[in-house]
Amino acid sequence: MSFDYHAPRSVGEALALLERYGEDAHVMAGGTATVLLMRQGLLRPGHVVGLRAIDELRGISRTGSGGLRIGATVTHREVERSAEARAYSSALIEAFASVATVRIRNQATVAGNLAHADPAQDPPPMLAAFGATVNVRSPRGGRALPVSELAVDHFTTSLAHDEVITEIVLPPLEAGSRGTYLKFLPKTADDYATVSVAATLRLADDGTIAETRIVLGAVGPTPIRARRVEEALRGRTARAVAEAAALVREEVDPIDDARGSVSYKREMARVWTGRALARLLR
Amino acid sequence: MKFTHTATVAAPRAKVWAQVMDVPAAARCVPGVASVRASGNGKYQGTLAVQVGPVRLVLDGDLAITARDETAGTASLRAEAKDSRVGGAIHATMNLALAEKGGETELRIDSDLAVMGRLGEFGQPVIKRKADQLMRDFAECLARQASAR
Amino acid sequence: MPGAPGFRPVTNVADRTASVLGDPEYRVEGRDKVTGAARYAADVAMPGMLHVAFVASPYAHARIVAIDVSDARALPGVRAVITGEDTKPARLGRRLQDWPVLCWDRVLFIGDRVAAIAADSAAIAEDAARRVRVEYEELPAVLDADAARGPQAPVLHPDASSYRYFGGDRPSIPHPNLQAYAVHRHGDVDAGFRAAHRVYSHTFTVPRTHQAYIEPRAALVWLDGEVLHVVTTNKAPFALRQQMAASLGIAEANIVVDAGHIGGDFGGKGLSLDEFALAYLARASGRPVRSVTRYADDMQATNTRHAATIALTTAVDADGRILAHTSRVVFDGGAYAAGKPVATLLPGDAMLTLAGYRVPAASVEAMSVYTNQVPAGHSRAPGQPQNAFAAESHIDLVARSLGIDPLVMRERNVVRPGDIDITGAPWHGTDGAEVLARLRTAAHYAEARTTPHSLGAPAIGSGVALGVRHVGRGRASMVLRLSRGRVELRTGVADQGGGAYTLFQRIVATELGIPLGRVTVTRGATDAVPNDPGVGGSRVTPVQGGAALDAARKLRVRLAELGRALADAGDLEVIGEASQETHDASMYAYALRVLVDVETGSTKVEHATLVADVGTVINPVALRGQLEGGFVFGLGQALMEELRLEDGRVTNPSFADYKIPTIADVPPLQVELITGDPGPGPFGAKSVGELANPAVGAAVANAVQDAVGVRVWSLPITAEKIWAELTRPDEVREVAGSAED
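Residue numbers (the numbering used here), protein chains in the order written: chain L, 19 to 300; chain F, 19 to 167; chain B, 453 to 1193.
Excised from the complex, chain L in its bound form:
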């Protein structure tokens, strides 16, 4: 395996490299996914464009409106230990801290995780539940798109080959809104989820559920938004949770693998959706 490694100092330089080498170039941030694919021989780029030396892709900060901006090459561990991220929502910390092991989290980046589009990853459902957007740049300019529109299939995103994620922006949380992330790991603590549930919830003044957003990981080709469950809960109370959570069984689209059969995963999606909601309503 041989390739040229490029370490551009700016996003502009990175984009120029992608333009120059076209399909023969592959963007790499932390490399935890890319290097594995290369070692397996499944990915054989002639040019690897590393993003770690680009200062403008770093850093975590609160936005003026009370949201959160996470630079593309911020590591999982940096999010996990960030006071700004914790102040935004402890659920965000839970999702990032759930990924693999601390060795991986020290290396793997937030945008790398999103661009890899592994449906079993932990942060994407949580970011989607918070309504996060990603800012993307290409030689043609910049655009923003919701995290929920990034992954389109297993390991496949809607990004063009020459597009680079520059940052992730989480909107300000509405007053009273809270979030949670639950990951079902029936075998070992170091595993991909059998099912994971990211949820946010806000109660109305009368104690009913004003709004909830539920996104499941590992039970479909992309993170799955449980819209029917969300709708069934609007204006209702905790008593509606069991019935509403059952609707998730038909919303998820899991595969049969070492982590369980399709029918088991559908049932577990129900159980863990119920648990996530119960936690938010406690």
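Everything labelled a hint here was simulated from the structure, so no lab data went into it. As the structure is a computational prediction, the values presented were derived from the model and not from experiment. Note that CB positions come from ideal geometry on N, CA and C, so glycine has one too. Errors might be hidden in some of the hints.
Here's a subset of chain F near chain L, in silico, CB distances under 7 angstroms, partners left out [unchecked claim]:
1) Arg31
2) Val104
3) Arg136
4) Phe140
5) Pro143
Position chains F and B against the provided structure of chain L, taking the given hints into account.
Relative to chain L, chains F and B alone:
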């Protein structure tokens, strides 16, 4: 990995049979098939491009009709393709059966697919889903084409 | 050519007051391992060395029609390409040599090798391997051990009678697709069944598992004149020398095998594959050649633990006392029997289907079957995790059915010295009653059994299981040299991580009454040290440890004869020997507590107590490490490990999908040692390396039933299996897996 796919075609059986046995035309129903040409003796050569995320495969291979019985409306096909870059191969057998039902034809494809070598290490369950999707698209496309003619 | 590059003698700790076995233990090679100085086979490189790639079969069963290597050979940087035509009829194997070095006629499993390439770099070799065109004719595959024994099954090894078998005649087999077949009978089985209050039959299954060592296999082979040098991850270098000599037609004297530090073994590293083809490539290229197995290939194509189906039937009286037992164990041996070293060609403890109990009469049938699956071989306590899972689940089911507490059931039946056990011979070893008495006390069994369950919380259950393991047997020898007041022990034992060198140092220092620091342990290749049987079979402490002790004793006697003290005796050399023919066995037992999430089936072991009869402790830290490691090893196989196969292909050939426990999964483990019953090893030591892992699976299954009332009949005990039982309608659940009389 074994799959069964069915599709109902709004056309009589004989017409569907002719459509399905026109291999180069039928093969265009497989998403990603670039070219299929006859190489004689009921054999064909072709190329299939598949992409799963960053992994791009170009599978070069042969397709052969190993059995055909127009009276019974059944045929068997065997496909072998190899990606020499990644180092993997796909072998598939397909058993097609056509049954006429009140002016319409039910197309049934039983396929058995093996994904071998490095390619298979990408994750057999994901590959299985991709293959399932591919075969479903194929069956539906065949049905569409035959219905349209 | 330089000899054994990169390997170093084992270093020692500084002088310490020694000669007391209870002293703290310092791992002699620990510093090298922690600092990265320790060299493993894949670290060893030589000038001009070539890299190797193999071409493997994508079919479970096929005939090779043609192989075209011209494109591979034409690739720049390729130095040698060989196929089965170049190696035929060479076959490899530990006891039965049935595995072709490279296949020339038929391939028998996915991963079976047909060609090998040596090139300037690994990338070129891999690239060349992709250019080898093999035309196969696919044949019907036999993927099921029952189907393989049917009258219509294709015979996978029609030429079996021509295969080399080390050590006499191969035991006869009643069906051509059997690798091995054995029956045992003792006592009056029929009378036992006639007198029975109840008879119980249960069937259990255990999947293939991988040993999950951290280091994949690696080998470096070169020719120096007529002498073939082999650097290997094999843990039994003398045995490999014998196998290679026979297979390749080279005199043993012209083969030097060097096995240094091995990055984990767990039973799997006794079988070598690459070394044989590398010998041909070294000859063809005139260069040193090295291969390092990709882990995915290691999982698809080496030697796994046998999958097995274990059917047990036991007759008991009204008090639950065992009267008679019959059993049938079918091991799926995969494509080749080459991985099994024992004379029967069965996994070592294949016949122990009710170990640790008084069994007045028994009829045991065990077989290993050829299939077109991944070949199976040895893995920590071969045969036992299968049989212990079955037996200890079975005993629990019988106890529950009779309304007897599971520990009481075991107390009534546990074997005591002189009792006839499952082997039909009197039990030599631990008093089982003492082991269970210690377990009852240490685990606070009575209190644990009455812990109330709180509503809404996970269900709590406790389970017990016992196991036995023989103390290792065999012959070994090593050299002890005295020079200027220091002694050097020269051994051929490879270091697979168990702590052998520390053990030898402590034994020699203790016997001679000198500080540890004055004893050096040096490992040598097969041309530098006396014959050694290798690591395995719970052998190192009683056998090689015995040879170290014998050497120290002989030196002490010589010194006494000379009337000299160690310091001024000049240079002396003795050879220590041990021949261990013991029939001693050790017993251990677990009590563990699980928490079961009743909505998901997810099970966590919350606490475990292990009582183990270990005899005299020589390496206190390593001993504890072996017991704790054995527990974790067993925990993995209990809860998560399974090599998943579909049409003969492993679908989870990486640690992303083949899960083993991490430290976060390991509950508190309370270890209680019984040391008062001396064993046959040095100073009364016994063996512990394979003592603790087999019974964990059944202990978990028993605790799960205690917690939620459902039985899991197969390993691993996954959340989904428990959930499936919990959500199954009652009338269906009653009969599932159990044919209770």
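Structure-based check of all given hints:
Violation of the interface hint for Arg31 of chain F is found here, the shortest Cβ-Cβ separation to chain L being roughly 34 angstroms, above the 7 angstroms cut-off. Taken as an interface hint, Val104 of chain F checks out: its beta carbon lies about 6 angstroms from the nearest beta carbon of chain L, inside 7 angstroms. The restraint placing Arg136 of chain F at the interface with chain L holds, with a minimum CB-CB distance near 5 angstroms, inside the 7 angstroms limit. Given hint, Phe140 of chain F at the interface with chain L, holds; its Cβ is 6 angstroms from that chain's nearest Cβ, closer than 7 angstroms.
At a threshold of 7 angstroms, the smallest CB-CB gap from Pro143 of chain F to chain L is about 4 angstroms, leaving the interface hint in force.
Hint check: a violation occurs at hint 1 only; the rest are consistent with the structure.
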